[in-house]
Amino acid sequence: MGAAPAYRSMTPQQLRLELEELYADYTGCLDEERFEDWPGFFVEKCLYEIVPRENFERGLPLATWLCESKGYLEDRVVAIRKTSVYAPRTIRRMVSAIRILGWKDELLEARASYAAFETLPDELTRVFNVGQYHDRIAVDDGRLRFKEKICVFDSLLVPNSLIYPL
Amino acid sequence: MRNAAPAMTSTERDRVAALIRECSIEISPRDPAAEQACRELLPPGMSVYVNHGPRDTYQEIVAAAARLRRAGFNPVPHLAARYLTGVTQLNDFLARASGEAGVVQVLAIAGDVSPPVGPFAASLQLMMSGLLPKHGISRVGIAGYPEPHPSIAAAALDEALRAKLELGRRTGLDISIVTQFCFEAEPILGWLRRIRAQGIDADVHVGLAGPASVSTLAKFAVRCGIGHSIRALARGHNSIARLLAEVGPERVMRSLAGAAEGADIVGLHFFTFGGIARTAAWLNALKKSSGRGAKLMEERHRWPKEGITRIPYWVYSDPEIYAREQERIFCGPSWSYVALEAEIPAAGDFLRTFIGDKSVIVLRDQDGAINVVENRCAHRGVQLCQKHLGRVNELMCPYHQWTYDLSGNLIGVPFRHGIRKQGGMPVDFDLREHGLRKLKVARRHGVVFASFAPEVEPLEDYLSPSVLELFDRVFDGRELRVLGYSRQLTPANWKLMFENIKDPYHASLLHVFLLSFGLFRADQPNRTVIDPKGRHAAGMTSRGEQKRTADNADMRSLIEDLRLKDPALLDPVREYPEYTVVLMTVWPNLIIQQQSNTLAMRQLVTKGPGAFELAWTFFGYANDDEAMTRRRLRQANLMGPAGFVSIDDSEVMMLAQRGIAAAPEAAGVAELGGYGWEQEDDHAVTESLIRAFYDYYRQVMDL
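Chains as they are written, first to last, in my numbering: chain A, 2 to 167; chain B, -4 to 698.
Same shape as in the complex, but just chain A (with noise of 0.2 angstroms):
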């Protein structure tokens, strides 16, 4: 191991391009639907949220979306790869704006805004989707992994469905 101790003794600008290099993978993974690389990106016991604005903001618990552990994230790419009726899409995902709140508990705090946009087969790409990650990374196996991902979305509307991960 050891090098934990590493990401701990970075500078802000080393660990921004640390946060940089790990938003580009995660999109990439799902901008390419290389879904089944996609739990890779979190540690075992994680949380994985997508949660309208509405709900967060007020406290209320329900997610549109939750994973309670990587075996949850899994049972999701098997619903998208084999038992999910949908039309075929491609969703390319946008971030920004990243900015590191600190080290708590062994965990990098961060929150970045992202955007979604949906290409739907005869129809203009739209926006899709826009809020903001509330993101705790863990260093796991020498390598940045979310423990807990949350996605912010700002639209209290889902433009229909919601099938691929943010």
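In case anyone wonders, no lab produced these hints; they're calculated from the structure.
Among these hints, one or two may not hold up.
[Unchecked claim] Which bits of chain B does chain A cover? Going by a derived footprint, with three or more residues having C-beta under 8 angstroms, they are:
1. 474 to 487
2. 631 to 638
[Stated by the list, open to error] Think about it this way: if two alpha-carbon atoms lie no more than 20 angstroms apart in a straight line, the pair counts; the simulated EDC-like pairs of lysine to aspartate or glutamate are:
3. Lys382/B x Glu55/A
4. Lys382/B x Glu50/A
5. Lys560/B x Glu50/A
6. Lys433/B x Glu336/B
Using N, Cα and C, we set each Cβ at its ideal position, and we do this for glycine too.
Let chain A serve as the given structure and place chain B on it in line with the hints.
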């Protein structure tokens, strides 16, 4: 199942249209709700008669007439001879009616009191006083009696009629006849033949009772001495069920329109025993369906001859149909779901939502009552409220700061009295006449419903016993706890959402997840329930096994070895008796979901013919323990815009709309399980719930 009369011929339709163009109605002078209904539902310029009952004073009649005039109507006060104390009072009445309310027309009657209060016993004496023309009142209605009068012989009545008309000719009054109300056409037509034969050629307005229950009509008929007609009512509606049903005057109107003597009738006068709102709503619907535009619409919108086993695709995409749905379904006599009480627990708490296209505010007032008002300032139509939820002391419009209390009453208007005596509202500006539009509200076990139609039946009757029993299964009186919201905008017509839930058959084929894990499958015990009218329904089932059998051989999507890595998602606890899933549809905007331990209200909000919002409110009970709450939140993953199961539905509805919108000339087939529908079935291989829905839809929409 439908009991519709044969369609009107085009001549009948034109005559009916002409009759209702010239129609008037009658209200009591002390009924603010009726006046409000007039303002909201009736066209300006219409004649509204102000009744003189035994407890009304002439001052009250003048005040009501003045309010009606300000609202744009032609007020026609009753001038009841026997209630007047003398010439002085008659003079004052007429002077004020003319001066304060711009009255130009009255209905001169004897009045229902014996002996008379003053010197006048008959309406003829009022006309002889010479005071009417003096106050600019030139048009006088007098009563006609097609049916025998309880105490005066027919010959004497005809003689009185002739005398009044003769007097009118001499004094320059324009006299017309308004008849007592009748339930059948023959006495009216016979009476017309009789008076015309005597040379009586005055204009005739025929009195009819607006829609009301048969029992209400019978009560008034007895009170007014209408003996013969009531038998016609009994003949036409010979079962107990029909006696409790509602009756409108369509049958009489069609007979009048079809008869040669009927060509002579100038217009109709409606007695609103069943409530002004009901008559007004009925009248508006009739006007629309008998007008020229409606005829064009009907030719384009002809339901397929197969009936409810076919659903023409124009119902999902045509803007005219959509407009009619807004008017007749969402603003009609239906109960729309608007909120859970748990969302607005304290005084001043409000929630903003929609009924169809219309934004409404649900408010809890200081007394704990829940009020629902339209989110539109009475002044210039500005939306008062933009937040979804909040707490207020009052509602204030941002534009000119008109202010309303928590019941929607107008309580403040800036510059009402002007500045330095300049400007301001007229002195007779009445705050009470300018409140927000108030909806009728019903609450049951923590669930709030609202209706734009004051005449809507009580919620419990509306739901019917079989649906109410299932409603109470989830809403058993326990306090609820809101867990959160999910909202999705689906590019499909709103009815496709109802059809999806009313179609238990698709679950066994489309939903790989649902059927593989045995959550909802046609080879499991199933039951369907429909209310007697066909508008609400419920489908229920019990969880089965993840196993291939001869019964599910057609379910090609069943995956026997599908396993969850995290089985916590499907770890339900038995909560309710008998069935593990009950999905209910409540006309016109609600789906109640109980799928294992996940409970949700799915509220449908229409967004034009091609889209709807589905607003999910997930909830549990206030006394749930933490484990149960976690279970509900986990199982919520099955549902909503990202639901393991419901993704399939929102996607399929989008694809359905794409196919349908391009083919208004085609129709969908719904023959699974037969051609009609039953109130109860014990299998899920049926589209009977969809057929029942369209059976009711066609009646409401007149399609």
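The hints, checked one at a time:
| no. | hint | verdict |
| --- | --- | --- |
| 1 | 474 to 487 | holds (count 10) |
| 2 | 631 to 638 | holds (count 5) |
| 3 | Lys382/B x Glu55/A | holds, 11 angstroms |
| 4 | Lys382/B x Glu50/A | violated, 25 angstroms |
| 5 | Lys560/B x Glu50/A | holds, 18 angstroms |
| 6 | Lys433/B x Glu336/B | holds, 18 angstroms |
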